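A.B. asks: These protein sequence lines map, in sequence, to chains G and S. Residue numbers for the first sequence follow our numbering, so the first one is 1 and each next one is one higher. Residue numbers for the second sequence follow our numbering, so the first one is 1 and each next one is one higher.
In short, the hints are calculated from the structure, not lab data. Quick caveat: nothing in here was measured; it's all calculated off a predicted structure. Where hints are given, some of them may not hold.
SDA-like cross-link-like pairs, simulated, lysine to any residue; straight-line CA separation at most 25 Å [stated by the list, open to error]: (1) G:Lys395 / S:Arg23; (2) G:Lys375 / S:Lys126; (3) G:Lys375 / S:Ile125; (4) S:Lys42 / G:Lys13; (5) S:Lys54 / G:Leu408; (6) S:Lys54 / G:Asp31; (7) G:Lys25 / S:Glu25; (8) G:Lys404 / S:Lys126; (9) S:Lys54 / S:Asp64; (10) S:Lys54 / G:Asp116; (11) G:Lys404 / S:Thr43; (12) S:Lys54 / G:Asp354; (13) G:Lys404 / S:Glu111; (14) G:Lys25 / S:Tyr26; (15) S:Lys42 / G:Pro369; (16) S:Lys54 / G:Arg20; (17) G:Lys114 / G:Thr139; (18) G:Lys168 / G:Ala191; (19) G:Lys25 / S:Asp73; (20) S:Lys110 / G:Gly24; (21) G:Lys13 / G:Gly299; (22) S:Lys32 / G:Leu356; (23) G:Lys25 / G:Gly299; (24) S:Lys42 / G:Lys25; (25) S:Lys42 / G:Gln368; (26) G:Lys375 / S:Lys4; (27) S:Lys110 / G:Pro26; (28) G:Lys241 / G:Leu407; (29) G:Lys375 / S:Asp45; (30) S:Lys42 / G:Leu407; (31) S:Lys110 / G:Arg20; (32) G:Lys375 / S:Glu13; (33) S:Lys126 / S:Ile28; (34) S:Lys32 / G:Pro377.
Residues per chain are reported as follows:
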Amino acid sequence: MIETTLDIQAIRKDFPILQREVNGKPLVYLDNAATSQTPQQVIDAIVDYYHRYNANIHRGVHTLSQEATDAYEAARQKIQKHFNIAHSHEVIMTSGTTDSINLVANGFSSFLKKNDEILVSAMEHHSNIVPWQMLCERTGAVLKVIPMNLEGELIMEEYHKLLSEKTKLVFFNHVSNALGTINPVKEIVDAAHTVGAAVLVDGAQAAAHIKTDLQALDVDFYTVSAHKMCGPTGVGILYGKEEWLKKLPPYQGGGEMIAEVTFEKTTYAGLPHKFEAGTPNICGGIAFGAALDYMNSIGFEVIAQYEDELVQYATEQLLTIEGLKIYGTAANKTSVISFNIDGIHPYDIGTIVDKLGIAVRTGHHCAQPIMDFYKIPGTVRASFSFYNTMEEVDKLVEGVNRAKNMLL
Amino acid sequence: MTIKEIQEEIIDEFSMFDDWMQRYEYMIELGKSLPLIAEQYKTDDNLIKGCQSKVWVHAELDADKLVFTADSDAIITKGIIAILIRAFSNQRPQDIIDADTQFIDEIGLKEHLSPTRANGLVSMIKQLKLYAVAYQTQLK
Numbered sequence: 001m002i003e004t005t006l007d008i009q010a011i012r013k014d015f016p017i018l019q020r021e022v023n024g025k026p027l028v029y030l031d032n033a034a035t036s037q038t039p040q041q042v043i044d045a046i047v048d049y050y051h052r053y054n055a056n057i058h059r060g061v062h063t064l065s066q067e068a069t070d071a072y073e074a075a076r077q078k079i080q081k082h083f084n085i086a087h088s089h090e091v092i093m094t095s096g097t098t099d100s101i102n103l104v105a106n107g108f109s110s111f112l113k114k115n116d117e118i119l120v121s122a123m124e125h126h127s128n129i130v131p132w133q134m135l136c137e138r139t140g141a142v143l144k145v146i147p148m149n150l151e152g153e154l155i156m157e158e159y160h161k162l163l164s165e166k167t168k169l170v171f172f173n174h175v176s177n178a179l180g181t182i183n184p185v186k187e188i189v190d191a192a193h194t195v196g197a198a199v200l201v202d203g204a205q206a207a208a209h210i211k212t213d214l215q216a217l218d219v220d221f222y223t224v225s226a227h228k229m230c231g232p233t234g235v236g237i238l239y240g241k242e243e244w245l246k247k248l249p250p251y252q253g254g255g256e257m258i259a260e261v262t263f264e265k266t267t268y269a270g271l272p273h274k275f276e277a278g279t280p281n282i283c284g285g286i287a288f289g290a291a292l293d294y295m296n297s298i299g300f301e302v303i304a305q306y307e308d309e310l311v312q313y314a315t316e317q318l319l320t321i322e323g324l325k326i327y328g329t330a331a332n333k334t335s336v337i338s339f340n341i342d343g344i345h346p347y348d349i350g351t352i353v354d355k356l357g358i359a360v361r362t363g364h365h366c367a368q369p370i371m372d373f374y375k376i377p378g379t380v381r382a383s384f385s386f387y388n389t390m391e392e393v394d395k396l397v398e399g400v401n402r403a404k405n406m407l408l
Numbered sequence: 001m002t003i004k005e006i007q008e009e010i011i012d013e014f015s016m017f018d019d020w021m022q023r024y025e026y027m028i029e030l031g032k033s034l035p036l037i038a039e040q041y042k043t044d045d046n047l048i049k050g051c052q053s054k055v056w057v058h059a060e061l062d063a064d065k066l067v068f069t070a071d072s073d074a075i076i077t078k079g080i081i082a083i084l085i086r087a088f089s090n091q092r093p094q095d096i097i098d099a100d101t102q103f104i105d106e107i108g109l110k111e112h113l114s115p116t117r118a119n120g121l122v123s124m125i126k127q128l129k130l131y132a133v134a135y136q137t138q139l140k
């Protein structure tokens with residue numbers, strides 16, 4: 001049944017945390033959509049930075065500062081190459097996806113006027129809803145929702161109907177964090193461009209599973225968080241097409257983002273520094289580069305293929321449990337299984353399986369509109385990574401069965 | 001019985017179990033004996049914030065004693081609130097205010113006491129005590 005060529009046991013040895021026990025049981029970590037674990041190679045990059053060349057960047061003439069600047073800019077170039085971005089100055093380092101989205105939403109305040117329309121998909125994370133609602137409050141623009149069907153797929157006919165001359169922005173997630181649906185990015189982007197709308201794609205959940213060619217997809221903005229793809233928390237990127245980044249006003253004022261400052265007037269630095277006020281997460285940026293190196297050394301194609309095997313196997317096995325229902329059954333989905341069992345609250349299942357050493361997420365996954373759509377309080381979500389094993393899937397199924405027997 | 005005596009009784013009952021599974025099963029049993037809140041009190045005002053599952057608690061005075069009723073949509077949470085209510089219901093508000101909650105630790109539910117834990121045991125205790133403070137003022 002297992003067809004992967006990956007040596008999963010060898011890969012697991014790269015992740016020190018996978019060796020630990022929880023509640024006296026070996027950890028089964030299935031909350032990868034919330035945050036992924038960190039391999040030794042990335043931990044080493046972090047330690048190396050503080051051991052050898054911790055310094056502020058872009059300012060000092062001294063050696064350490066130069067080394068830190070070089071390493072940080074090298075990371076930016078790794079990110080550029082990984083996502084096939086045309087220019088490295090189109091990579092804005094941020095604190096993560098939420099920060100990136102807020103940067104764009106804030107910038108669009110100056111372009112939007114009353115009754116302009118913004119389209120958002122029905123399967124968004126709160127971080128991709130709230131900033132746009134705030135933008136609408138500031139500008140009088142109107143937020144419209146692209147509906148989804150019961151399988152958790154966007155209804156594309158409805159999307160095409162919603163598009164008009166009034167549409168200025170379209171945003172949606174590449175992969176839904178609650179359902180695992182992979183959205184048809186290219187089709188959405190191409191249609192939006194025919195009416196002159198800009199498109200922002202939240203790539204937080206996609207980046208760990210799919211190697212994305214941003215020029216081929218032709219998106220205007222794309223966001224990534226390092227901690228979802230073996231990197232540290234508190235760092236990520238905003239990709240923006242040069243023409244858009246030039247148009248957007250700076251987000252935060254401070255050091256690094258200026259060309260000249262007098263009390264009368266400040267001129268801003270060029271890209272990407274215009275959007276990078278203050279001392280950035282230097283170590284985090286460098287470690288993000290190391291995480292990309294690590295994942296690329298394994299290879300995204302084999303990762304995706306193996307994760308598909310995992311999800312397929314987990315889906316089959318979970319469905320053998322009577323009364324279990326999976327939410328998000330899109331034809332095109334990745335590494336997330338959201339489910340409930342008839343008559344049992346997801347929180348109860350999560351509590352019991354935690355006692356068995358199994359980490360899953362329970363609740364609304366910061367996507368309350370999806371839960372309202374299915375009329376449920378939340379789900380149990382198991383999300384997989386390439387370091388998970390088929391045996392861990394068996395443990396999950398056994399754990400859920402045990403919980404069910406206790407709770408029903 | 002005083003709150004202290006009831007707490008001792010609960011500790012005794014839980015001491016019979018050797019592992020977490022038996023403790024949780026017993027807690028689930030206790031949840032089933034919870035004095036249920038009347039439907040009309042299952043309002044947003046009576047919801048305890050800070051819980052991943054929904055927990056409603058209602059309090060009313062019976063002479064000089066405070067009587068709690070509650071419900072939750074999750075069974076384990078129902079067990080937790082049932083244990084708390086068993087210890088604190090039918091007691092004088094001042095005694096509820098003064099009571100400590102050390103017994104939670106002793107029955108092996110210490111992990112639920114962390115304020116960051118999603119089940120909100122801490123919020124539940126706080127809410128019961130808040131009711132006691134409010135009714136204590138009223139009694140005076």
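A.B. asks: All hints, please: hold or fail.
C.D. replies: Here is how each hint holds up against the structure:
1. Proposed proximity of lysine 395 (chain G) and arginine 23 (chain S) is supported: the alpha carbons are some 22 Å apart, at most 25 Å.
2. For the suggested pair lysine 375 (chain G) and lysine 126 (chain S), the alpha carbons sit about 30 Å apart, so the restraint of at most 25 Å is broken.
3. Only pairs whose Cα atoms come within 25 Å are accepted, and lysine 375 (chain G) paired with isoleucine 125 (chain S) is rejected, the gap being roughly 30 Å.
4. At roughly 51 Å between alpha-carbon atoms, lysine 42 (chain S) and lysine 13 (chain G) are farther apart than 25 Å, so this suggested pair is violated.
5. Annotation: proposed proximity of lysine 54 (chain S) to leucine 408 (chain G) holds, straight-line Cα distance about 18 Å (limit 25 Å).
6. This hinted pair checks out: lysine 54 (chain S) and aspartate 31 (chain G) have alpha carbons roughly 23 Å apart, not beyond 25 Å.
7. The straight-line distance between the Cα atoms of lysine 25 (chain G) and glutamate 25 (chain S) is roughly 20 Å, inside the 25 Å bound, and the hint therefore holds.
8. For the hint linking lysine 404 (chain G) to lysine 126 (chain S), the alpha-carbon distance of about 31 Å lies beyond 25 Å, and the restraint is violated.
9. For a cut-off of 25 Å, the pair hint linking lysine 54 (chain S) to aspartate 64 (chain S) is broken: about 29 Å separates their Cα positions.
10. Between lysine 54 (chain S) and aspartate 116 (chain G), the direct Cα distance comes to roughly 39 Å. Violation of the 25 Å bound is thereby established for this hinted pair.
11. A distance of roughly 29 Å separates the Cα atoms of lysine 404 (chain G) and threonine 43 (chain S); the hinted pair therefore is violated under the 25 Å criterion.
12. Restraint check for lysine 54 (chain S) and aspartate 354 (chain G): the C-alpha separation of about 20 Å stays at or below 25 Å, so the hint holds.
13. Using a Cα cut-off of 25 Å, the hinted pair lysine 404 (chain G) and glutamate 111 (chain S) holds, with the two alpha carbons roughly 22 Å apart.
14. Of the supplied pair hints, the one linking lysine 25 (chain G) and tyrosine 26 (chain S) holds, its CA atoms being roughly 22 Å apart against a limit of 25 Å.
15. Restraint check: the Cα-Cα separation between lysine 42 (chain S) and proline 369 (chain G) comes to about 23 Å, which is no more than 25 Å; the hinted pair holds.
16. With a C-alpha separation of about 33 Å, the suggested pairing of lysine 54 (chain S) with arginine 20 (chain G) is violated against the 25 Å cut-off.
17. As the CA atoms of lysine 114 (chain G) and threonine 139 (chain G) are separated by approximately 6 Å, the hinted pair is consistent with the 25 Å bound.
18. This hinted pair checks out: lysine 168 (chain G) and alanine 191 (chain G) have alpha carbons roughly 12 Å apart, not beyond 25 Å.
19. Only pairs whose Cα atoms come within 25 Å are accepted, and lysine 25 (chain G) paired with aspartate 73 (chain S) is rejected, the gap being roughly 29 Å.
20. The suggested pairing of lysine 110 (chain S) with glycine 24 (chain G) holds, with an alpha-carbon distance near 16 Å, which does not exceed 25 Å.
21. At most 25 Å may separate the alpha-carbon atoms for a hinted pair to count; lysine 13 (chain G) and glycine 299 (chain G) meet this at roughly 17 Å.
22. As the CA atoms of lysine 32 (chain S) and leucine 356 (chain G) are separated by approximately 24 Å, the hinted pair is consistent with the 25 Å bound.
23. Under the criterion of a C-alpha separation no larger than 25 Å, the hint pairing lysine 25 (chain G) with glycine 299 (chain G) is inconsistent with the structure, at around 31 Å.
24. With a CA separation close to 39 Å, the supplied pair lysine 42 (chain S) and lysine 25 (chain G) exceeds the 25 Å bound.
25. As the CA atoms of lysine 42 (chain S) and glutamine 368 (chain G) are separated by approximately 21 Å, the hinted pair is consistent with the 25 Å bound.
26. Of the pairs offered as hints, the one joining lysine 375 (chain G) and lysine 4 (chain S) is violated, with about 42 Å between alpha carbons and a cut-off of 25 Å exceeded.
27. Restraint check for lysine 110 (chain S) and proline 26 (chain G): the C-alpha separation of about 21 Å stays at or below 25 Å, so the hint holds.
28. For the hint pairing lysine 241 (chain G) with leucine 407 (chain G), the CA-to-CA distance comes to about 52 Å; that exceeds 25 Å, so the pair is violated.
29. At roughly 22 Å between alpha-carbon atoms, lysine 375 (chain G) and aspartate 45 (chain S) fall within 25 Å of each other, so this suggested pair holds.
30. Straight-line distance between C-alpha atoms of lysine 42 (chain S) and leucine 407 (chain G) comes to about 23 Å, which keeps the hinted pair within the 25 Å bound.
31. About 21 Å separates the Cα atoms of lysine 110 (chain S) and arginine 20 (chain G), which keeps this hinted pair within 25 Å; it holds.
32. With a C-alpha separation of about 39 Å, the suggested pairing of lysine 375 (chain G) with glutamate 13 (chain S) is violated against the 25 Å cut-off.
33. Note on lysine 126 (chain S) and isoleucine 28 (chain S): the hinted pairing holds, with a Cα-Cα distance of about 22 Å set against a maximum of 25 Å.
34. Our distance criterion of 25 Å between C-alpha atoms is met by lysine 32 (chain S) and proline 377 (chain G), whose separation comes to about 21 Å.
Violated hints for the displayed structure, listed by number in ascending order: 2, 3, 4, 8, 9, 10, 11, 16, 19, 23, 24, 26, 28 and 32.
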